[in-house]
Amino acid sequence: MDSDTESTFSPDIPDDLDDDFISPLHHDETAYHVYKDLWNNFYDWERDHSKAKLKDLSKPSSRAKDLRTSSAVTSEYFPTHEDVEYFEVEDYDLKTGLVTRYTVAAEPFLLERWDPYARYNSCTSASKSVPANPVNGHLRLSFIPYADDENFDYENYLEDFEDFKWQNDFIDPDLEVIQLETARRLHYTHNFTFSDIDNLGIFKFPMRETSNSGLIWYNAQRDPLPWPAMPPGAIRQLQSGFIKLPAHILRSTWSANPVILPKATQTSQEMKEDGNDPCSNDCYKLKNFDNMILANEDWDENDYECFNSVIQLAPDTLPCDLAVICKKPCYEMFIQRLNVFQDEEIIMEKSQDDGNKKPEFEFLEENEKPMNIELVQPCYHAGPCNRLCPCYKAKQRCQRSCRCSKKCKLRYTGCKCHKKGKKSTTCGDYSCRCRKLLRECDPEACRKCDARHGRCSNTDVQRGKFSNVYIKGSEHGLGAFAAKDIKQGECVGEYIGELHLSLLYDHMAILQKHIHSNYAFDLVGGITVLDSAYLGNETRYLNHSSNHSNCSAEVMLINGEQRIVLTAIRNIKADEELTLNYGSAYWEGKPPED
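Residue numbers (the working numbering): 1 to 594.
In case anyone wonders, no lab produced these hints; they're calculated from the structure. Treat the hints with care, as some may be off.
Said to hold, decoys possible - Ranges between beta-carbon positions, derived for each pair: (1) Gly473 - Lys128: 41 to 47 Å; (2) Pro278 - Gln462: 54 to 60 Å; (3) Phe143 - Gln488: 46 to 52 Å; (4) Glu366 - Ile471: 37 to 43 Å; (5) Glu561 - Asp506: 39 to 45 Å; (6) Ser584 - Val130: 26 to 32 Å; (7) Met292 - Ser405: 36 to 42 Å; (8) Asp37 - Asn191: 14 to 20 Å.
As the list claims (entries may be wrong) - No farther apart than 30 Å at their CA atoms in a straight line, the calculated lysine-lysine pairs in the BS3-like style are these: (9) Lys406 - Lys263; (10) Lys369 - Lys407; (11) Lys409 - Lys448.
Note that CB positions come from ideal geometry on N, CA and C, so glycine has one too.
From just these sequences and the hints, can you work out the full model?
Spelled out as structure tokens, the structure:
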């Protein structure tokens with residue numbers, strides 16, 4: 001793993017600097033000598049300063065006082081038990097200075113064995129799954145885990161990383177102090193401008209970049225060092241406060257919000273056949289345009305501008321209304337509309353852009369489980385959802401977070417379950433359409449089942465209505481146990497964790513294999529991995545059972561998100577351990593027997 005940035009300067013700067021260091025300073029001997037002198041001065045001072053600070057941390061040792069002659073007082077009680085151990089005690093009297101020695105008998109007492117607590121890894125508690133942070137921006141590693149474990153395959157683990165963070169992202173505070181003092185002396189003593197200093201090319205950061213970045217700003221965030229070379233009053237301090245006024249603050253620019261121009265949906269022929277009465281003797285409905293020149297030759301530029309300003313914003317405006325707005329004969333409005341909109345183009349556009357027609361395909365959720373569907377981002381295009389809509393292309397229904405119309409034909413319409421009494425609940429079995437499709441009822445779409453007000457029994461995850469669970473030691477480390485009786489079909493909880501892309505998850509799998517612990521679930525056919533190793537809730541403690549599991553895990557679609565829900569597959573008594581069959585894939589084809 002090689003570093004991809006320039007190396008850090010060594011504290012022991014040699015007299016014969018290499019060409020890479022001298023080249024930016026070659027044209028200015030003054031800057032070079034100031035920088036070099038301060039460099040040597042700082043590290044000469046730092047060595048003695050560090051020694052003094054470390055010496056101050058040491059505690060002075062004091063010699064114990066000599067004890068006076070002791071008295072010969074000895075205990076006369078000696079237990080005879082064969083397991084008794086004897087030892088001598090010296091008691092020093094601070095007032096008299098006498099030392100009393102006596103023998104003490106200690107009879108061993110056998111205690112019950114204390115079993116060690118089950119091994120566990122620390123985990124951040126969470127109530128919802130979140131996207132995992134990327135490994136890092138450039139696949140850089142902070143440190144090698146389990147570096148002292150000879151059985152850890154660190155070479156295989158390091159293959160996914162380019163280098164270490166400290167090789168590239170390390171900022172040396174000592175170097176910044178030296179550079180700041182160099183810049184201060186060049187600026188005030190040798191009359192260098194900040195631009196001159198930046199052009200030298202010897203500093204990692206520019207002097208001032210913005211009001212909260214640059215060499216001056218970064219040093220202002222640190223506590224000053226007591227370096228004698230930079231006393232407070234000897235040379236003026238560089239001003240840390242700085243505001244760079246952008247050009248747009250000095251002037252105002254006003255513009256209207258952009259308008260998405262609508263498309264024409266009504267053909268000219270449909271307008272002629274709409275059944276409305278003619279507006280006047282000049283109405284387009286009374287004219288025969290077959291033998292007429294379709295051009296308004298007497299129109300000037302203002303007439304065209306007036307017509308276009310209206311027709312662009314309201315392309316389906318009737319010629320009768322356009323005649324009133326533009327103060328022109330109605331038939332002339334119709335002629336101009338014929339020149340702007342071709343009926344053939346409108347018909348073709350409508351066939352591709354009609355969001356009121358049901359799609360001619362079967363949605364993926366009708367045949368696929370939610371865990372195998374790669375969800376697309378909510379659509380936000382202008383106009384109705386058509387063949388260009390990302391939801392349409394992916395054969396998925398528009399979700400509640402999509403920005404299309406609530407009447408969009410791609411939207412999920414919800415179940416038709418309804419209440420049968422004042423205290424009855426709905427959607428309790430697989431006769432509910434939502435349950436059948438492994439969805440939770442949508443409060444916006446499922447109106448009849450009263451999903452919004454709690455009468456629906458298929459909204460447990462959205463309401464956080466889970467079974468009470470506690471964690472304690474079990475046969476296999478820690479386990480999850482039912483705090484109360486749980487009925488068959490009740491929601492035990494949601495499996496929470498970090499969402500990883502499987503392409504960036506290989507290094508995590510190596511760690512799991514090493515510690516013999518795996519908290520990962522596959523989603524979207526293996527494209528996404530949900531891992532609760534470092535973030536999760538009590539459901540991560542469910543242990544495996546091949547033949548006697550009492551819970552099942554199912555991927556459900558809830559408000560447009562794939563979420564793993566744990567459900568009781570039989571009645572579970574209080575204090576019974578919750579178990580789950582993780583499947584042969586989890587155990588690499590060899591699940592353990594109960």
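Hint by hint, here is what the structure shows:
no.	hint	verdict
1	Gly473 - Lys128: 41 to 47 Å	violated (28 Å)
2	Pro278 - Gln462: 54 to 60 Å	holds (57 Å)
3	Phe143 - Gln488: 46 to 52 Å	holds (48 Å)
4	Glu366 - Ile471: 37 to 43 Å	holds (39 Å)
5	Glu561 - Asp506: 39 to 45 Å	violated (25 Å)
6	Ser584 - Val130: 26 to 32 Å	holds (29 Å)
7	Met292 - Ser405: 36 to 42 Å	holds (40 Å)
8	Asp37 - Asn191: 14 to 20 Å	holds (18 Å)
9	Lys406 - Lys263	holds (20 Å)
10	Lys369 - Lys407	holds (25 Å)
11	Lys409 - Lys448	holds (19 Å)
Of the hints listed earlier, those the structure fails to meet are numbers 1, 5, in rising order.
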